[in-house]
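K.L.:
Model the full structure from these sequences, guided by the hints.
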Amino acid sequence: MATPLRSNSRLSTAMERTGQWVFSQEIPTDVIVEVGEANFNLHKFMLVAKSNYIRKLIMETNEADLTRINLSEIPGGPEIFEKAAKFCYGVNFEITVHNVAALRCAAEYLQMTDKYCDNNLAGRTEDFLSQVALSSLSGAVVVLKSCEDLLPMAEELKIVQRCIDVASARVRACNEASFPCRTPPNWWTEELSILDVELFGRIIGAMKQRGAKPLAIATALITYAERWLRDLVRDHSGNGIKCSEPIDSDLRIQQRELLESIVHLLPAEKAAFPIHFLCCLLRCAIFLKASSACRNEVEKRISLILEHVTVDDLLVLSFTYDGERLFDLDSVRRIISGFVEKEKSMAVFNGGDFREVSSSAMQRVAKTVDAYLAEIATVVELSISKFNGIASLVPKGARKVEDDLYRAIDIYLKSHPNLDEIEREKVCSSMDPLKLSYEARVHASQNKRLPVQIVLHALYYDQLKLRSGGADDRNQPDAVTTRNQLQADVSLVKENEALRTELLKMKMYISDMQKNNQAGTSSKSIGTRKPTFFSSMSKTLGKLNPFRHGSKDTSHIDDNLGVDVTKPRRRRFSIS
Numbered sequence: 039m040a041t042p043l044r045s046n047s048r049l050s051t052a053m054e055r056t057g058q059w060v061f062s063q064e065i066p067t068d069v070i071v072e073v074g075e076a077n078f079n080l081h082k083f084m085l086v087a088k089s090n091y092i093r094k095l096i097m098e099t100n101e102a103d104l105t106r107i108n109l110s111e112i113p114g115g116p117e118i119f120e121k122a123a124k125f126c127y128g129v130n131f132e133i134t135v136h137n138v139a140a141l142r143c144a145a146e147y148l149q150m151t152d153k154y155c156d157n158n159l160a161g162r163t164e165d166f167l168s169q170v171a172l173s174s175l176s177g178a179v180v181v182l183k184s185c186e187d188l189l190p191m192a193e194e195l196k197i198v199q200r201c202i203d204v205a206s207a208r209v210r211a212c213n214e215a216s217f218p219c220r221t222p223p224n225w226w227t228e229e230l231s232i233l234d235v236e237l238f239g240r241i242i243g244a245m246k247q248r249g250a251k252p253l254a255i256a257t258a259l260i261t262y263a264e265r266w267l268r269d270l271v272r273d274h275s276g277n278g279i280k281c282s283e284p285i286d287s288d289l290r291i292q293q294r295e296l297l298e299s300i301v302h303l304l305p306a307e308k309a310a311f312p313i314h315f316l317c318c319l320l321r322c323a324i325f326l327k328a329s330s331a332c333r334n335e336v337e338k339r340i341s342l343i344l345e346h347v348t349v350d351d352l353l354v355l356s357f358t359y360d361g362e363r364l365f366d367l368d369s370v371r372r373i374i375s376g377f378v379e380k381e382k383s384m385a386v387f388n389g390g391d392f393r394e395v396s397s398s399a400m401q402r403v404a405k406t407v408d409a410y411l412a413e414i415a416t417v418v419e420l421s422i423s424k425f426n427g428i429a430s431l432v433p434k435g436a437r438k439v440e441d442d443l444y445r446a447i448d449i450y451l452k453s454h455p456n457l458d459e460i461e462r463e464k465v466c467s468s469m470d471p472l473k474l475s476y477e478a479r480v481h482a483s484q485n486k487r488l489p490v491q492i493v494l495h496a497l498y499y500d501q502l503k504l505r506s507g508g509a510d511d512r513n514q515p516d517a518v519t520t521r522n523q524l525q526a527d528v529s530l531v532k533e534n535e536a537l538r539t540e541l542l543k544m545k546m547y548i549s550d551m552q553k554n555n556q557a558g559t560s561s562k563s564i565g566t567r568k569p570t571f572f573s574s575m576s577k578t579l580g581k582l583n584p585f586r587h588g589s590k591d592t593s594h595i596d597d598n599l600g601v602d603v604t605k606p607r608r609r610r611f612s613i614s
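All residue numbers for the sequence shown refer to the working numbering, where the first residue is 39 and numbers rise by one.
No wet-lab data here; the hints were simulated from the structure.
Don't be surprised by glycine CBs; every beta carbon is placed ideally from N, CA and C.
In silico DMTMM-like pairs for lysine to aspartate or glutamate, Cα to Cα no more than 25 Å straight-line:
| no. | residue 1 | residue 2 |
| --- | --- | --- |
| 1 | Lys405 | Glu419 |
| 2 | Lys121 | Asp152 |
| 3 | Lys82 | Glu101 |
Have a look at the derived ranges for each label pair, beta carbon to beta carbon:
| no. | residue 1 | residue 2 | range |
| --- | --- | --- | --- |
| 4 | Glu194 | Ser423 | 54 to 64 Å |
| 5 | Thr416 | Ala207 | 50 to 60 Å |
| 6 | Glu236 | Arg402 | 37 to 47 Å |
| 7 | Gln247 | Lys434 | 46 to 56 Å |
| 8 | Asn100 | Ala211 | 56 to 66 Å |
| 9 | Glu413 | His346 | 14 to 24 Å |
P.N.:
Next up, the structure:
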């Protein structure tokens, strides 16, 4: 129903806005345009003059007098239609970078083109796009942002692609300039970070095609991730947020999809990103339970530049955001293992033997891993298998001195006091006592938490040095050359200890037998026995000894000299 506009009368808000456009208050409105929940009372002849779409609706209708038109599908909604209606009435309004894309799409929807009417809305918006909006990076990004709600029409009108081309070209110009046009130098990354991840990804793709440097792309991705995953990426301390949001909530699902899209956009250059950012990105992927492909990609990138890792970086991967419990350490193990395999491949490629020669990068990683083990050793729920699993990943040749590993083991034993002897030996199995420095061996020899075997190794090595007349090896920590001798001597000591125990048992058994027989022998007569026939015969035959005058003649020895003729003590098994 058409409602006439009367002088000094106030109607609804939409009608009130429309009343300001009408030139003559004497002409009543004859059509109501519905856009969503808003109704606009307008004049057909004013709309038909500019919009070919409304003209067709009026001409092709079966109604005798069309009084209501529904334009709820117009791009931009009621706000944009209001500006389009103002244009039909000749009322001035401002075209900006925020509304130009929506006005261009609305003009296309209403068929307000120059082909239908000269100097129409479509032509006006096109001029503004080319001359104003797309003349700068900021303008192109704002227009592109407004296109997020105008798809697919903005895509069909090539507005999106034009904005992407301008943005990627301007970014490259900013990076290649000798002097930055604005401060800070990476201001453009903040501009791009307002976009939806899909449109942002298209700009990154265009930058790659234009030959943008990997470092520039990495800078943009870091800024974007820190903007949209602020709580997950920027919190590095482990003392921050309590992640009370359920992992299957809509927010976490959106964050997971966003993270996977960011990882997909990472440039091929593996060393373009700082390792600290990659570690934070991986912790985010672990927490959000991202896809295995996403996690594997980040893990590979970290393993390739692991020589730059710090203990804090590895701790970022290991603890939850509240710092209360350990994550699954499988990611850390895969990262270290990947780096070791890379070093082995490089050693083989260079014609060397990785088992004997270790690169400086591998030695740095070994030192970092040992320090990392010392940090997580205090966690009560850390099992022996996980502790040894990480420690054993580092090749033996990478540790010239194992003092750092010994420190980690000592901390673990101190934090787990209920371990028995066998379990403590398992903890120490990853350490080589021969590679300890003099100070560390002195400490180990007095450490009651260590198993006896490790203490014996530490003590016996110094004894070997003293026995061989060697000097103190404070400056010579590599003692691998004496390993075989030490192991043989240690085995001999163990065998002697076992034999000594058996001899003591045998002595005790013989002593018991003698005590039992003593009672029986005491009851026998101890007097002088009378000579018998056989005893006298034996003496007579002894005088007829054919070797009487030989070397074995003993007839001249007096029987009363008391010579001890008992058997000598057998010393076959003596250990004295």
